[in-house]
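Quick note, the sequences are listed as chains B and F, same order.
Heads up: the first sequence runs through residues 1 to 590, numbered per the numbering used here.
Heads up: the second sequence runs through residues 591 to 828, numbered per the numbering used here.
To be clear, the hints were calculated from the coordinates, so they are not data collected in a lab.
In this text, all values refer to a predicted model and were calculated from it rather than measured experimentally.
Treat the hints with care, since some could be wrong.
To be clear about the criterion: a stretch of chain B counts as covered by chain F if any three or more of its residues have a C-beta under 8 Å from a C-beta of chain F, and this derived list gives those stretches [said to hold, decoys possible]:
hint, stretch
1, 96-106
2, 109-121
3, 350-357
With a straight-line Cα cutoff of 20 Å, these simulated DMTMM-like cross-link-like pairs (lysine to aspartate or glutamate) come out [what the hints assert, rightly or not]:
hint, chain 1, residue 1, chain 2, residue 2
4, B, Lys90, F, Glu756
5, B, Lys78, F, Asp597
6, B, Lys125, B, Glu507
With beta-carbon atoms standing in for the labels, derived distance ranges [claimed, not checked]:
hint, chain 1, residue 1, chain 2, residue 2, range
7, F, Ala775, B, Asn18, 44 to 54 Å
8, B, Leu51, F, Gly720, 33 to 43 Å
9, F, Glu711, B, Cys144, 32 to 42 Å
10, B, Val554, F, Asp764, 55 to 65 Å
11, F, Glu661, B, Glu251, 52 to 62 Å
C-beta atoms are modelled at their ideal positions from N, C-alpha and C, and glycine is treated no differently.
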Amino acid sequence: MTEGPFPPTDALDQEGFNLLREGDVFHGLEIVNLVGRGGMGEVYRALQPALRRHVALKVLPARPEHVELHDRFEREAKSLASLSHPNIVKIFDFGKEGGICFLVMEYVEGCTLRRAMEEGPLTRKRVSSIFPQILEALAYAHSCGVVHRDVKPENILLDAEGRARIADFGLAKWKRPGATLTKTGARMGTPRYMAPEQFADSKDVDHRADLYAAGMVLLEMRQGREDAVVRRALAREPSLRYQSASAFKDEFLRRSKPLRVTWGLLLALVLLLPLGAVALALLLPRRTDAPPRFPQPRYRERIRLTGERSAPRWAVTIRPDGREVVTGDRASSLRRWSLPDGREPVPLVEHTSLIQGLRYGRDGGLLVSASHDGTAGVWRCQDGRRLFRTPNHGAPVYAVALALGDEILVTAAGRRVRVWKWAEGTEPLVLPGRGWGALCLDVSPDGKILASGWADGSVVLWDLALGVERRTIATGDQRIVALSYRADEKTLAVAALDSIRFFDGSEGSSKGGVGNARRVRAAVFRPDGAILAWGGDDRRVHLWDVVHETESQVLDGHTGPVTALAFSADGKTLVSASLDTTVRVWSFGE
Amino acid sequence: MNSSGDDAFPSTHWSLISGARDRGSSRCRESLEELARRYWRPVYAFVRRKWTLPHEDAKDVTQEFFAALCEKDMLDRLAPEHGKFRSFLMAVLDHFVVSKHRRESRLKRGGGVRVVPLDIEKGFEPAGDGSPEEIFQIEWARSVLAEALRRLEIERRGSKTLPAYEILRLRDVDKPPGEDVSYKALAKRFGIAETQVTNILHEGRRRLRELVLELIRETVASEREAESEMKDLFGRRT
């Protein structure tokens, strides 16, 4: 699991048993090498030939003296199997074979947080990126009723992309605190992360012990620099600590935001200078805590669209006037709903596979659809008639867009982006591709620039009027899942699997991004450009205040991943589609 | 590509075909593995019955067939408007076995890319005395149903409030021998009302039918063909 062995911790390790050797085949896995020894035995890197992937294999000899250990091993492996979170190491298999208890887990290429800290002090940015992930994992585990009880830098793995994963979940708690105290070497220092109540009775601790440990980890990551956030996490009395990992995370994120220097603040500083340092000291902390100057309208859920058929929803769009919503799912029909009452008129059935791309034209007169059956269609909304259907692309069409006054249809499918003069029915213009997949599209508000997002993490900008490539942005991210132009035409939001960043929409230079976006599936600007809505696997819709660079609201309600989002032209209505089979309509005001 | 279809870009029949055409890429392998996972049973059963091959040989032919789908450009001829995927696959399979016979005096074991899931290791004896084509169709129907059930399980897994999939599984799919799965017994077991059990079963069966139809739609050219395929595969059973 790490490139260096875990430090010796207890009697088990001192026995130094080597259960497996390189090249051995165990439970269908080919042993590659020993990567560590920990509290629960040995960890090997192994190859799973059937799936051609590397896995981490944890083993422990099935000796009579380890009976208690095995029971815990088993019970905890089973509870772990129910945890699925991007920041928690996944478990694939568990059992006993040939006198060995084993656990097969996700193999993480990278190093432990401990190793990363040993290599040099972590930058503030790195701490701000890693630490919230740890808290997210803990929040999730706690919500599933699991308390780790051994959170420490050795149990946090960092991969090459900078994603943190918590390992050894619940596995190290087999040790009685007494034994830990007597047998643990100073370098390991597990007691260092233990909450005071854990020393008294480790069976009786709750999730707040993990938050104490996380506070200690944060203190180390910051090389001992203590602040209010850390102090509260390390309160002796559990009731004085953060009561949840998310509360800890929120406070951490709020406090780690750099002070934004604005004209107003500069002016205030200049005016207040004669009043001296005391006034300044009073002013500064307040400034960082101040809410956004313009209160944002709060969105509330208005209707839930489920209909008779309850299929997971993969696409959604809303007519610019906010009066009609269209959804797409695996059932291959376009389902139309009228707002605000949520009635469902007759669906338009034409595709033969999942519909993943949907867009309205500028004035809501046309609708375009993209399907895995390899075709895209242009529909007239008034009578539901299909005006154009592309030939088969030979690959699923993932995205569609209309451009240049709706005269041009753009499709993203397979290795190509195609531009169709759909009314003329002529052969499309085929734009050169990148890698295996064109995954998403957006057209600038003036209809002139086409942005395409690719499976290799690049974004290609095309000048549609001139028919030339403007620029390719290599984001360095994994595949691009969504693109959205801001109304100012200058900003393009680029959502990759685990990030959302802003780029100059014509020049391609980077302009910051959304803090803490993870497992993203959809992202779209509100037409006024003040808010970017995004959603993904965490089942929430996040509203990011672009001006103040802060999350202004989180919309809770969906019980499955959020797959698609769209705003009405006035920005008052937001629709979200989810695999929970619902489409929800959110709006503000009356 | 992700077999559960739980990704931002879900896996459908046509995304698998398009992936499998992407020769030499990791996506190609993943797509073939998923296609093989779904359809190895009809292919294996057809080969066993038509060519009276023993298990080991039928297993090898099945594995080589799925590998050849990608290597030999077979899938390039396939498009949604060309009709049923089932007919296409049986035709290319027949052709594949014949030309393989011609090429080799006897079947060579192993070799080539192996993409078929481990389930095939044990194989199975095709049931009944139907023709190879009938056996292929029966196993095809079974594979479609198995995939629909898998998707239903994924969908229902998210439901924390009601053990929806579990009830459907016990009652309709995987009834444990000797166990009482009457409405009353299930209601007691899960601590819900009997009417809730019947509602759950009704809703689950309805959704299962839809999922089967969705899967079929993806492998045929039109709505009319989907209806006839549904009738061919499941008759009155659905």
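Enumerated hints in conflict with the structure, sorted upward | 1, 2, 4, 5, 6 and 10
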